[in-house]
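First to last, the sequence lines map onto chains A and B. In short: position in the first sequence from 1, add 1024, done, that's the working numbering. In short: position in the second sequence from 1, add 1024, done, that's the working numbering.
Please keep in mind that the hints were generated in silico from the structure rather than gathered at the bench. Any given hint might turn out to be false.
With a straight-line Cα cutoff of 20 Å, these simulated SDA-like cross-link-like pairs (lysine to any residue) come out [said to hold, decoys possible]:
(1) A:Lys1285 <-> B:Tyr1265
(2) B:Lys1036 <-> A:Ser1342
(3) B:Lys1075 <-> A:Lys1036
(4) A:Lys1199 <-> B:Tyr1031
(5) B:Lys1346 <-> A:Lys1036
(6) A:Lys1036 <-> B:Phe1029
(7) A:Lys1036 <-> B:Leu1366
(8) B:Lys1260 <-> B:Lys1346
(9) B:Lys1285 <-> B:Leu1366
(10) B:Lys1056 <-> B:Leu1080
If you want the building blocks of each chain, they are given just below.
2 protein chains.
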Amino acid sequence: MLGNFSYSNPTKLYFGQNALQYLGEELSRYGKNVMLVYGGGSIKKNGIYDKVAAVLKRSGKVIIEDAGVMPNPTVDKLYEGCKRAREGQVDLILAVGGGSVCDYAKAVSVSAYCDEDPWDKYYLRMEDVSNRIIPVGCVLTMVGTGSEMNGGAVITNHKTKQKIGHVFGDNVFPKFSILNPIFTYTLPKYQMTAGFFDIMSHILEQYFSGSDDNTSDYIAEGLLKSLIHSSRIAVKDPENYEARSNIMWIATWALNTLIAKGKTTDWMVHMIGQSVGAYTDATHGMTLSAVSMAYYRHIMPYGLHKFVRYAVNVWDVSPDGKTDENIAREGLGRMEAYMKELGLEMHLSGLGVTEDMLDGIAKGSIIMDGGYKVPSQDEIVQILRESM
Amino acid sequence: MLGNFSYSNPTKLYFGQNALQYLGEELSRYGKNVMLVYGGGSIKKNGIYDKVAAVLKRSGKVIIEDAGVMPNPTVDKLYEGCKRAREGQVDLILAVGGGSVCDYAKAVSVSAYCDEDPWDKYYLRMEDVSNRIIPVGCVLTMVGTGSEMNGGAVITNHKTKQKIGHVFGDNVFPKFSILNPIFTYTLPKYQMTAGFFDIMSHILEQYFSGSDDNTSDYIAEGLLKSLIHSSRIAVKDPENYEARSNIMWIATWALNTLIAKGKTTDWMVHMIGQSVGAYTDATHGMTLSAVSMAYYRHIMPYGLHKFVRYAVNVWDVSPDGKTDENIAREGLGRMEAYMKELGLEMHLSGLGVTEDMLDGIAKGSIIMDGGYKVPSQDEIVQILRESM
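Okay, chain A solo, but in the shape it has when bound (with noise of 0.2 Å):
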């Protein structure tokens, strides 16, 4: 059953090999001081900082640079990015990159004109912003985040090994984002195939709950096939535009909200792999991958119907005279199997996890309670030692 909520999604995209030629006229929008955010300079060697920087030139702005964003930003460079934009009263950040450097971008957003510690309010404290905020547009370079679509900023507190996201609302959305397949080719093929686990994790991880016939659900295994038969593709052939354009586009629907409406939600998987993170820095994506089979074993029990329904829909298995546990298993099997054949990473050790820090790790998960199982701090101990 439906349940009672809102949908607003005012960010505007552009989409395709042209849509760059458009930011020209997004820019006009806005005042001349734009600052212009990135990560460790390899749209510098791919030409499209250069791309970017002439429209911004052309525009008559004044670029602020902000460089040296992190995969996983930190706490420490998002007050370093505040101090920045309210020196050079910014009027617009363009962030241009991929999830991390969109996800500071709009952390920089809400806390460069917030009266204390933004860590404290909006990571910790979790509020809703009361302060001015910086627009966002987002170039973007790599997918999986969908932060180019909605409210969430994940950053990163090595102090405190604590890598929190806070979702916030449509005001703090993107305005605008440029999407261009090709900006995505470069990327090696390790992250690009994290970032595609990260798309279906995003899936999973709201398909994953509640026992009610919803519509939600049918687009997530919609989606879900499209992005298994895209990304078989584009491992092989990484640029092959129609599989690529086909799995950015579904990156953003992923993660926008829509097929969150109606239902609740797991998140458990990127609760863990955040906390993994935080410890080891690892890639997001294969954070996922390397905690995602032993966790959906774990729950499959307590929400079997749903995984009978992904067995069949999604993984084509057939369900002629197997009990439901059997096809709940084969499906599972399945997805293990493509995971593989992805080269995803499916173990944490790979990642430099050590079994002295499973503790730790368990304890930094934050644990949300939409799944068909709650994890106590134990389970999430031993799903970790089944992923090592």
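Starting from the known structure of chain A, fit chain B onto it as the hints suggest.
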């Protein structure tokens, strides 16, 4: 392959049994003169009028009444509404009704300050809006058209026997829409079922086009499966909230631009159905159901791959040991059986169409060129004859 496109859908939706409680907050964003647009008065019988009027009064609004919007809103009614909106210096048009009422409200919103005949500018010449637009909000009481979250506005001209839909840009989309499934319960079964097929036809007309692999088609399949499942429940049990709420949500996403992104579309069933509507004033969804089977059987050989996919993915036809043509035919056969099960009109003769109208209806059908086989006027006559 996903083509180039932009996506922007600024409509805010409030969904669920308590959705109307958000109307007051939305009204506070607009000036005091609100034109309350509705149809034949059923909202006065079922109490929705009183509920909405009470919120308007509590919000200190002046209500300018504009009742009597007919199922196929006419150009004469449009002129009258424009005059009323100008004279009342209307700040917001609040549509309370189904797709016809919402469509009409949008037509008035762009036409009231049009400096020439809006029929000529927006319907015959299909021009963009260059004048002031009055904002529109919707309280939906019938599902089907998707008008609550798109720019569509179909108007009928009885003098010229033309029923034409202009799909306006996102500046004309409703600013907000209130979607309470319970508000749709009192609709007579004939109109309810016609609405279900209108939804199905929207999805199918976007699905049956193109030969690429496109995520939009996977989403369409998910929506179709959810619709088939819930509509079978709703025709037997119209007050089944789970089914009715799912259908209401599917209707919105079936025609709010999402599933057409990056692909070509067909739309000939709507073009033929609208011409039938201009001749008979028949219920919109039934004009679509009456011509659909003949239309799809006619184009099937030209888009065989997609009809095979449709049969397998949507109608669970087993492809084992069958020719593509047989798989596709079996899929269409299951669709026809489903339509009969719902009680849809399967013949034009049942809608008051007579043989002597067929040439005129075919001439009045605008020929769109996105489908697997662009029909000639003669082919449309043939399809109409097969639909009698």
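* Given the proposed pairing of lysine 1036 of chain A with phenylalanine 1029 of chain B, does the C-alpha separation stay at or below 20 Å? -> Distance ~11 Å between lysine 1036 of chain A and phenylalanine 1029 of chain B Cα, so the pair holds.
* To do: Starting from lysine 1036 of chain A, check that the Cα of leucine 1366 of chain B is at most 20 Å away, please.
  => 38 Å, violated
* Asked: Holds or violated: are the alpha carbons of lysine 1285 of chain B and leucine 1366 of chain B at most 20 Å from each other?
  -> Between lysine 1285 of chain B and leucine 1366 of chain B the Cα gap is close to 30 Å, so the pair fails against 20 Å, i.e. violated.
* Asked: When you check the alpha-carbon spacing of lysine 1036 of chain B and serine 1342 of chain A, does it fall within 20 Å?
  -> Answer violated: lysine 1036 of chain B to serine 1342 of chain A is near 41 Å, above 20 Å.
* Asked: Is the straight-line distance between the alpha-carbon of lysine 1346 of chain B and that of lysine 1036 of chain A 20 Å or less?
  -> 45 Å, violated
* Asked: Straight-line Cα separation of lysine 1260 of chain B and lysine 1346 of chain B no greater than 20 Å?
  -> 34 Å, violated
* Asked: Are the Cα atoms of lysine 1285 of chain A and tyrosine 1265 of chain B separated by 20 Å or less?
  -> It holds: about 16 Å lies between the C-alpha atoms, which stays within 20 Å.
* Asked: Holds or violated: are the alpha carbons of lysine 1199 of chain A and tyrosine 1031 of chain B at most 20 Å from each other?
  -> 12 Å, holds
* Does the structure keep lysine 1056 of chain B and leucine 1080 of chain B at a Cα separation of 20 Å or less? -> 9 Å, holds
* Under the criterion that the straight-line Cα-Cα distance not exceed 20 Å, is the pair lysine 1075 of chain B, lysine 1036 of chain A satisfied? -> 34 Å, violated
In terms of the numbered hints stated before, the structure departs from hints 2, 3, 5, 7, 8, 9, listed from lowest to highest.
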